[in-house]
Structure formats: structure tokens, C-alpha cells
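Build the full structure now, drawing on both the sequences and the hints.
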Amino acid sequence: MLFKKPQVAFYPFMVLRDDYKCVRCKSCVDQCSFDATYYDEDLNMIMNHHENCVNCKRCEAFCPTDAIKVVKNPSTFHPDANWTPEAIRDIHVQMLTGAVILTSTGNDKPIKNYFDHLLLDACQVTNPPIDPLREPMELKTFIGRKTDQLQFDSDGVSIKTTIGKQLELEIPVLFSAMSYGSINLNLQKAMAIACREFGTYWNTGEGGLHKSLREFKDHTIVQVASGRFGVDLEYLETSAAIEIKIGQGAKPGIGGHLPGEKVNEGIAETRMIPVGSDAISPAPHHDIYSIEDLRQLIYALKEATNYEKPVFVKIAAVHNVAAIACGIAHAGADAIAIDGVRGGTGATPKSLRDHVGIPIEMAIAAVDDRLRKEGLRNEVSLIAAGGFRSAVDVLKAIALGADAVYIGTVAKLAAGCTQCQQCHTGRCAWGITTNNPKLAKRLNPDIVAENLYNLLRAWAHDIKELLGAMGINAIESIKGNRLRLRSWGLTEQENKILGVLPAGM
Amino acid sequence: MSRKRKLMKVYPIEENCISCRYCEVACTMVHSESKDPVKAYKLENLLPRATVEVKEAVSLSLMCRHCKHPFCFDACISGAIMVDENGKVNLDEEKCVGCWNCVLVCPFGAAHPMIREEKRHSFKCDLCGDRGFPACVEACPNRALIYDFER
Amino acid sequence: MRYVIVGNSAAAVGCITGIRKVDPDGEIVVISYEDRCYSKPMIADVLVDIPEEKLLYRDSSFFEENGVETILGHKAVSINRKNKVVALDSNELVPYDKLLIATGGKPFVPPIEGSDKKGVFTFTELHSAISFKNYLKENGAEEVIVIGSGFIGLEVAYFLREIGVNVRVVELLDRVLARALDRRGSEIVENMLREKGVEFIFNDTVEEIMGDEKVSSVRLKSGSVLRADAVVVAIGVRPNTELAQTAGVEINKGISVSDTMETSVPDIFAAGDCIECTDIVDGQKKPIPLFPLAFEQGFIAGLNMAGKNMEYLGGLVLNSLKFLPVPVLNAGVVEPTDDSCEVFVNDKFEKKGFYRKAIVKNGKLIGFIAIGEIDRTGILTNLIRQKIDVSNVKERLVELDFGLVDLPQWWREEKLKQDKTAYKDWRAF
Ligand SMILES: Cc1cc2nc3c(=O)[nH]c(=O)nc-3n(C[C@H](O)[C@H](O)[C@H](O)COP(=O)(O)OP(=O)(O)OC[C@H]3O[C@@H](n4cnc5c(N)ncnc54)[C@H](O)[C@@H]3O)c2cc1C
Ligand code: SF4
Ligand code: SF4
Ligand code: SF4
Ligand code: SF4
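Protein chains in written order, with the numbering used here: chain C, 1 to 505; chain R, 1 to 151; chain E, 1 to 429.
If you are wondering where the hints come from, they were derived from the structure by calculation, not from laboratory data.
From a predicted model like this one, the values you see are computed outputs, not experimental measurements.
Heads up, some of the hints might be wrong.
[What the hints assert, rightly or not] Residues from chain R shown here face chain E by an in silico Cβ test under 7 Å; the list is partial: (1) P12; (2) E53; (3) G79; (4) G109.
Idealized CB from N, CA, C, for every residue including glycine.
Okay, structure coming up:
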């Protein structure tokens with residue numbers, strides 16, 4: 001500890017080791033990617049640099065004798081509701097570094113989670129519930145531009161209307177954009193496999209599509225962001241859909257930055273940039289300053305791909321999200337993806353992550369209302385993102401008006417993530433948000449693909465049970481059906497925005 | 001007398017090994033009296049038969065390969081090392097006199113010396129003998145070890 | 001097919017094993033003037049009363065299971081290569097189709113005056129070990145002189161201390177194991193033996209063994225006279241080629257054999273301490289009288305005798321000092337052979353109890369010493385055997401955690417994934 005700034009002494013976590021149970025296998029030493037643990041040969045003991053511990057719990061999970069517990073440092077600052085330890089520590093960090101505090105994952109502040117204040121309905125006596133194990137239950141969801149009315153041939157039977165290309169989902173859940181660079185190829189591959197097996201889609205994020213994943217073309221959404229990394233015609237064509245990324249919930253209004261030291265050969269090739277160069281996505285698309293500009297890009301992409309790919313536009317949920325969404329619909333997008341304030345990321349300034357944007361629940365309700373009012377709801381699909389934790393959250397989002405949900409953090413959790421908020425360091429001990437080969441190999445794509453598949457399967461079961469209880473046999477019938485929601489503990493204003501009645505009404 | 005051998009061996013897959021050492025500890029544990037990892041190391045003074053090697057991103061677990069030509073068998077002066085009809089290489093720790101010849105000649109470093117207190121003998125992977133299935137393979141969380149027919 | 005093996009030790013057992021890999025049915029006959037198949041390197045344990053069965057290298061069940069007929073207690077005196085028969089001292093004639101000469105080595109006894117006195121022993125056969133042990137008991141021997149500080153001499157000295165007999169080792173050179181170890185290694189071994197109570201007299205030799213009928217003292221070249229209740233002569237073994245000579249096979253420093261272990265006479269093979277083999281390290285033909293090599297050569301001879309064509313990989317010096325509490329191993333050469341060699345040393349013997357040394361020539365490992373920590377040194381031995389280029393990891397050779405991760409990936413692929421572990425797969429690159 002000597003020769004360190006005293007402030008470093010106030011560390012938040014500690015690695016407690018039961019030395020008797022420790023058999024000196026040194027697994028923890030090897031597993032810790034943050035240098036919090038080391039073996040002292042002279043003492044023949046495992047020692048710690050507690051100040052480096054980030055509470056990723058890798059060592060705890062891998063200690064074969066269960067000798068380790070990572071705990072909150074009981075030594076903390078004087079209790080103060082205002083000057084919380086976090087607030088104090090942030091000051092200590094910034095006074096030393098003179099820099100913005102970088103972090104990752106999603107907003108960890110206690111912003112009200114409206115899903116927790118919404119309750120679902122169930123059938124009793126009349127209009128009886130449905131047993132999903134006995135009766136067919138449809139979760140199939142189509143993403144893409146629909147039509148307001150159907151036109152029929154003169155025979156009055158055959159449908160004349162043609163609609164644009166749709167994505168066909170076996171569950172209204174897709175994996176959200178996580179770029180190669182922010183995460184590694186192994187997780188992308190795991191998601192791709194799971195999608196192919198289950199029947200849904202994963203999203204490349206803004207880092208391009210590695211050639212080894214091209215075989216998953218039919219389950220891949222390729223993203224076009226302000227940096228245009230990895231974008232060429234082949235890229236656009238190797239997809240099921242194209243997503244224009246305008247913004248992201250964890251960092252609305254700013255661009256992205258993948259530091260040069262992370263740009264290895266694979267990433268460089270995929271992003272089409274030199275090895276070791278910083279990959280900077282500017283805050284704006286320099287060719288988009290209006291809805292008209294956006295429309296041009298959308299149609300440029302459609303044109304380039306022969307109108308065979310639906311084009312999505314992804315934005316962060318900001319204050320006037322409803323108006324923006326309408327604009328996007330007008331611009332001709334086939335789907336709008338909205339990322340709420342809890343949306344995760346691989347790297348973002350803490351101030352943005354925690355203080356910019358609005359909750360996705362509000363955004364869904366507002367956008368759905370507005371699109372309906374403008375008569376645009378069928379023109380465009382609505383995909384909600386940002387902090388979805390369970391099948392119940394998904395169902396509630398759909399009842400609020402979303403067509404489907406993007407999940408990202410969930411995929412990371414299924415790969416072992418413990419939400420230690422160190423993605424931006426590139427040292428993820430679980431091998432998820434890192435391209436360090438030693439760490440990345442910790443994520444076995446086959447195993448994680450199985451985990452993800454299981455998870456989708458479990459969620460599908462959950463959704464079916466809940467739908468069954470509501471007497472509904474198709475996910476389509478709950479979409480925007482806010483009457484089957486009730487709230488508790490919300491103000492009148494909140495209920496109004498969400499468009500739900502309080503419980504009891 | 002080229003009989004078709006029916007040997008199953010543990011094959012390491014270095015691409016998947018995450019150097020967690022579960023294999024080592026599982027191995028030590030199942031070869032102990034107590035079947036308890038802590039006691040196995042601390043009271044019974046045992047050591048793993050599998051060795052996890054790490055060098056930067058490369059890591060793998062290595063245990064006796066039950067070589068088609070086992071140099072350890074050539075070198076064993078006491079007759080403790082014998083090859084069974086399937087090609088499994090057995091080391092009888094009771095019979096072993098600790099001449100360390102097997103340690104000296106095993107190209108994989110898979111025959112280890114046990115020199116602790118009263119104990120003086122070599123030891124190595126026995127494919128978990130009567131356990132039926134290798135403990136290391138069972139313990140490996142990342143599919144870096146597989147139990148497969150001899151290649 | 002009738003296979004006859006003269007000798008019943010490492011090479012013979014290797015040969016039986018080799019023959020049976022290929023030919024399950026052929027007749028096998030083993031001839032030895034000794035009465036059992038014991039382990040030569042273990043005979044010094046007789047001094048500390050090791051149970052007899054522990055000395056057995058292969059028990060009778062081995063011979064039964066392999067359908068081997070044994071003719072024990074009889075010496076083969078000559079070979080008639082024309083009629084393909086071996087004549088025994090009982091005048092019995094043993095016909096063969098394929099013959100293995102595995103007559104081993106015989107102790108070298110220099111012409112010392114008085115070496116025919118009672119109480120002077122060599123130490124290469126079980127019976128000599130047993131009679132030495134009995135002689136000590138019967139004569140209440142308290143002071144023993146060991147001539148030579150090679151592996152055998154030191155082991156005898158160590159075990160004598162174990163049973164409370166005083167020992168002085170007389171060595172012509174200035175340190176122990178001068179041919180097997182480097183100076184530092186010798187020093188470590190010497191210190192351990194001194195702690196055990198063994199005394200050493202270097203740069204000297206025994207010129208005369210004195211006493212009436214029995215030995216009572218020795219006179220050294222330096223002039224001093226030392227009490228000696230018994231003397232052990234342990235200055236090395238020479239190939240035992242007596243029998244081979246009767247067949248007229250070509251003999252140099254030992255029986256000369258081809259890569260398939262065949263002598264200059266068709267259908268007569270030879271293996272073990274009685275032959276000279278090609279040293280993998282320097283390509284020179286020489287006797288390397290070591291157990292692992294004897295077995296391996298016997299095995300290869302067996303395969304070839306039974307019709308499978310297999311070439312011997314070559315000999316390699318492989319020493320293990322097994323009696324000390326601290327293990328001492330070495331393989332290949334232990335000193336640089338010329339100026340182009342690089343030497344790497346990791347000497348933590350005082351602090352941590354280990355010493356490692358590696359010698360690299362032209363990017364290839366040609367020898368090493370490991371004392372104290374010896375785990376996984378076989379990997380090094382194989383580097384010598386397979387002549388794998390180690391230029392980019394040479395500093396690591398003497399680290400305790402040197403391992404397969406230091407070797408080229410293709411090597412691991414070949415050995416681990418493809419399981420290339422058959423004999424021919426270990427050839428040098
Ligand atoms: C005390 C001692 C310690 C040793 N320690 C080690 C060690 O630690 N490590 C190591 O690698 N090596 C050691 N060696 C060397 C090792 O024992 C030999 O390399 C090995 O035994 C050689 O085997 P072999 O089959 O060639 O011959 P031998 O073991 O010498 O056997 C020769 C056989 O031939 C028989 N025989 C000989 N002539 C005739 C004949 N004319 N008729 C019938 N039978 C005959 C003998 O009875 C005997 O069975 C040691 C040797 C000795 C003596
Ligand atoms: S993983 Fe557990 S048993 Fe192994 S060294 Fe660490 S604390 Fe000890
Ligand atoms: S258990 Fe598996 S992953 Fe862990 S060290 Fe052993 S082989 Fe590697
Ligand atoms: S101990 Fe070594 S030489 Fe013997 S069979 Fe196993 S891997 Fe091969
Ligand atoms: S198979 Fe059994 S004995 Fe062999 S290394 Fe694995 S656990 Fe150990």
C-alpha cells in the first residue's frame with residue numbers, strides 16, 4: 001500500500017479467504033484479471049491487493065474448495081445520505097485523473113422500474129384460462145412494415161396486398177447490438193448459434209461482421225452506425241435486416257470509442273481499420289441532420305439491398321422520443337428500436353449512463369400512443385430495449401405496446417457476467433467483454449449457446465403460461481393491450497402516461 | 001498380436017482450457033481417502049495427477065497419455081509400471097521404489113514424483129481406475145477435457 | 001518360430017514384450033545362469049533387508065502368461081551360428097530360429113594386487129550383493145572401503161551408512177560422479193553423502209589390498225594405509241561379450257548391432273549392456289549401460305525378431321540417483337561439449353532446494369541436470385531425444401514450470417490431439 005495515493009486505500013471490496021480451506025491450487029490467482037490476487041512463494045500463501053478487486057467474483061466462483069468470499073469492505077465512510085461512498089470515491093478518482101469517469105453496463109441508480117409497478121391480468125370463471133401445455137399457443141412475431149388494410153382479388157379470397165420483408169421470430173425477443181470489440185467473437189457466435197436454433201436474431205452492433213459468422217446470415221441484423229465500421233455491400237447483404245444506429249440508452253447523444261490497444265487483427269479486419277488504431281464513432285452521423293437525411297440513408301440501404309432487407313432505426317429513449325419515433329416512421333423505417341435509460345453498454349461516461357434518457361416503459365407507451373394517433377402504428381414495428389430482466393418484463397412491454405424486445409445484459413449474464421461494471425477495461429474476468437485471448441477463451445461459444453437457447457426456451461414457457469392465464473393464445477393479442485395491465489403505487493400522471501389503470505379499477 | 005485396443009483416454013483441448021484447475025483438484029479429491037479436497041491436500045498430502053500449464057493465452061491440462069509406446073514402462077526398474085491388454089499404462093504405487101526413471105523419461109511430464117514425509121513413489125493418471133469416469137473430465141467447466149476412444 | 005534369449009534381465013524382458021506384441025504363439029526360451037528375474041538397479045537394497053519379492057522385476061506369472069520357457073541356473077557357453085544352437089554349461093543344446101544375446105555387463109576390476117582376497121566384492125549381481133551382506137555380518141565388519149564413486153559405489157556407501165557401517169570412498173578423480181554430473185552437482189551429492197557420514201578420499205586410488213586370507217586394510221597410491229574389513233570395487237561395468245564372441249559376431253566397444261538390433265550374424269540379435277549403441281546426442285557408438293535403454297533395445301529387438309521392422313531411436317544417457325532423499329537426475333551431456341554451447345543454470349539449492357542446468361547447442365537441448373525438483377523433467381529428456389528447436393524458450397528450460405506450453409503448438413497438436421505416441425512417433429526431427 002505504500003507509495004500509493006492515500007485515496008486508493010478506500011477500496012470498496014475485499015477478498016476474504018479461508019486460509020485453511022485454501023489448497024494453493026492458485027486458480028484464483030490465474031482467474032483474477034484485475035491483479036487483486038497473487039501467490040507469495042515465500043509465505044506459500046495466496047495474498048490480495050484488495051484495492052484492485054472489482055467484485056467480479058470470478059475467484060469466488062472458481063475456488064474449488066469454496067474458500068473465497070468477495071465482500072463489501074465493511075470499512076466505509078461516515079454515513080451520509082448525500083455524500084455516499086460512491087460520491088466521495090468519484091471525487092477522489094476525478095481529482096487524481098482529471099478525466100471523465102468511464103463505466104459500463106447499465107444505469108445502476110434506483111430509477112423507478114415501472115415494470116415492477118405493473119401487474120398482469122388473469123381469467124377467472126368466464127373467458128377461462130388456457131393451458132399452454134395442452135393447447136396451441138402462438139408466440140410467433142413478425143417484425144417489419146405491415147399494412148392498414150388488405151386488398152383482395154376479385155375472387156374476394158386471394159390477398160392482393162403485398163407487404164415488405166418481415167423478420168420471423170419464434171419468441172418476441174432478439175439479442176441487442178453488441179459489437180465485436182466491445183464483446184468478443186465467442187459471445188457473438190454463441191448468440192448466433194442460439195438464434196439459429198431457436199428462431200430469432202442477433203445484432204452485430206457497430207463493429208462489422210466477422211467472416212466466421214457469415215454463416216449465420218439469416219439470423220443476423222447488421223448495424224450501420226456513425227463510424228460505418230465494417231460496412232460494405234457484402235456486409236449489408238449478409239443479413240436478415242439492417243439497423244441504423246442513431247443512439248444508445250447508455251450513452252444518448254455521444255458516440256463511441258474503442259481504444260486502439262483493443263483493436264487486434266480480427267477486430268481491425270472486421271471493422272476495416274488498421275490494427276491498433278482508435279475506432280471512433282462520432283456522436284452524430286455526419287450525413288444525418290434531419291428526418292429527410294435519415295430517409296435518404298434508409299432508402300439508400302434499401303436500394304443497395306434490393307428492398308430485400310427491412311431497415312431498422314435505433315435511438316435512445318430521450319425526452320421527446322415519441323415525436324422522434326414518428327419522424328423515423330415517416331422516414332420509412334421498418335422498425336424502430338428504442339433503448340431506455342437502463343440500457344447497457346461496454347463503455348460510457350458514468351454521468352451519461354446514469355443521468356440521460358428516460359425509462360423504456362414510458363417510452364414504449366408514449367411512442368405506441370403517438371404512432372397510433374398518427375396512424376403509423378402498422379407502418380413500423382417497435383422494439384424496446386434497455387434493462388429487460390425476465391419474460392415478465394417482456395410481456396409487460398408488449399402489453400404496453402412493443403412488438404418485441406431486445407436483450408443484451410441478459411445474454412451477458414447467461415455467459416457468466418456478474419455485472420461488475422468493468423466492461424470498459426477490456427479485462428472482463430468472465431471472458432465476455434474482452435478480446436484478450438486468455439480471457440476470451442473463458443467463454444465457450446457452444447456452452448453459452450446452449451445456455452442462451454435454454455433461456456429463450458424458459459422465457460417462451462413463461463410467456464405462454466402468463467398468456468394462458470390471461471386466456472390469450474397468441475402473443476399478437478396482448479400487443480398494446482394495456483387493459484390487461486394494472487399498476488400499483490404510481491401517481492395519476494404516471495398512470496396516464498403509461499395508459500394503464502391503477503389496480504382496483 | 002495387433003489386437004484392436006479398446007482404450008479410452010482423456011484428451012485435452014487447449015483452445016477451451018481456462019486454467020481453472022478444477023481438473024487438478026477433482027483429481028486429487030477422488031484419489032483421496034476422505035474424498036474431501038481440503039483433507040486430500042492437507043491431511044493426506046496428495047497431489048494432482050493432472051497438471052495445468054499456463055503461458056499467456058495458452059493453457060491446458062496434461063495427464064498421462066497412456067502412450068502407445070510408454071517410455072515409462074521401458075524405464076521402470078521395479079516392475080511397478082505395467083501395460084494392460086487395452087494399452088492402459090498402470091503404475092503400482094506400492095510396488096514403485098522411487099527410482100524416478102519414469103519421471104526422467106515421460107515426454108509429457110505426466111509421471112510425477114511423490115516425495116513427502118514417508119512417501120516415496122511415482123504417481124500418475126490412472127484414468128480414475130474404478131471410478132468409471134475420469135473426475136477431471138467431469139469437473140471441467142469449459143469442455144477442455146474429453147473422454148474418448150484412443151485415436 | 002523359436003526365439004531364444006540369453007539373459008534374464010531388462011533387455012530379455014523387453015524382448016519378450018516385443019515379441020509378444022507381434023507374435024502371440026512363437027516359442028520363447030530364456031536362458032540365464034541366475035535363478036530369477038530381479039531388478040539389478042535394486043540390489044543395493046539387499047543391504048537394508050528389502051523383502052525378496054520387492055527385488056523381483058518380473059515374477060513367474062509374467063513368464064507363464066507370456067508362454068516363456070525358462071532355463072535358469074545354466075550358463076550359455078557357446079553359440080553355433082551354422083546349426084543355430086546355443087550350448088549350455090550342462091552340455092544341453094538349445095536350438096533357435098532367432099537369438100537374442102542379452103548377457104548384460106560385467107564389472108570392471110582393475111589389476112589391483114590382492115584383489116583375489118576374501119572380502120573383496122564387486123556389486124553387479126544379486127548373489128554378489130547377498131554374499132557381501134553376509135560377509136559383513138559374519139565378520140562384524142565396521143569399516144568398508146569402496147573403490148569408485150560412480151552410481152553403484154555411492155549407493156553402496158549410502159546404504160552401508162544406513163546400517164551403521166563406516167565407509168570411505170576412494171576416487172581417482174577429484175569429485176564424485178565425475179562422469180555423470182557437473183562440479184556443482186557433484187558437490188551437492190557429496191555434501192549429502194557427507195551428512196550421512198560417508199567419507200571421501202579424492203585424487204587417490206587403492207594400490208594394494210592387504211590382509212592374510214581376508215582383506216584387512218588397503219594401501220593407497222598416496223601411501224596411507226586404511227583399515228578395511230571389506231572392499232567393494234565399483235569402477236564400472238563393461239559389456240559382457242564372452243558368449244557373443246563364440247558366435248563370431250562383430251564386436252567393438254560392445255557387440256555391434258544394426259538399427260534393428262541385429263548383430264553381424266543373421267538371426268542373432270543383441271540388446272542391453274552388452275552392446276554398443278548410437279548416442280542420440282553425439283552420434284557416437286558406445287556402450288550406455290542403463291536400464292531403460294536395455295529394455296527398449298530388447299523390445300525393439302523383439303519386434304524385429306518377430307518380423308516387425310522397427311528401427312531403434314538410439315541411446316541416451318539417463319541417470320537417476322535414487323537412494324538420496326533429494327532426487328538427482330540427468331540426461332544427455334552435463335558439460336558444454338564445445339564453445340558453441342549455451343549453458344543455462346538455475347541454482348536455488350541453498351534457498352529452495354533445487355538445481356537445474358541445461359545445455360543447448362545449435363538451438364537444441366543436448367543435456368540437463370535436475371536436482372531437488374525433478375517433476376516433469378521427462379519433457380526435457382524428450383527435447384533431447386526429438387531434437388526440437390528450443391532457441392526461443394532456452395531461458396525457460398531451467399524453470400520449474402517449463403512445460404508443454406513452451407513447446408511448439410504443432411507438437412502438442414500431434415501428440416495430444418492426434419495421439420502420435422507410438423515408438424516411431426518419437427523420432428528426432
Ligand atoms: C547395482 C546396480 C545399480 C544400477 N542402477 C541403475 C539405475 O539406477 N538406473 C539404470 O538405468 N541402470 C542401473 N543399472 C544398470 C542396469 O541394471 C542395467 O543397465 C540393466 O540391468 C541391463 O540389463 P541387461 O538386460 O542388458 O543386462 P543385465 O541386467 O546385466 O543382465 C544380464 C543377464 O544375463 C545373464 N547372463 C549373462 N551371461 C550369461 C550367460 N553366458 N549365460 C546365461 N545367462 C547369462 C545374467 O544372469 C543376467 O540375467 C544398475 C546396475 C547395477 C549393477
Ligand atoms: S482458488 Fe481457492 S483453493 Fe485455490 S488458491 Fe485460490 S483460494 Fe486457494
Ligand atoms: S478443469 Fe478444464 S478448463 Fe479448468 S484447468 Fe482443467 S482442463 Fe482447463
Ligand atoms: S507416464 Fe508418460 S510415458 Fe508413461 S504412458 Fe503416461 S504419458 Fe506415456
Ligand atoms: S482421469 Fe482421473 S486420474 Fe487421470 S488425471 Fe483425470 S482425474 Fe486424474
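Results for each hint:
1. P12: 6 Å, holds
2. E53: R/E53 check passes; min Cβ-Cβ to chain E is 4 Å, inside 7 Å.
3. G79: Interface hint status for R/G79: holds (5 Å vs cutoff 7 Å).
4. G109: 3 Å, holds
Checked against the numbered hints above, the structure breaks none of them.
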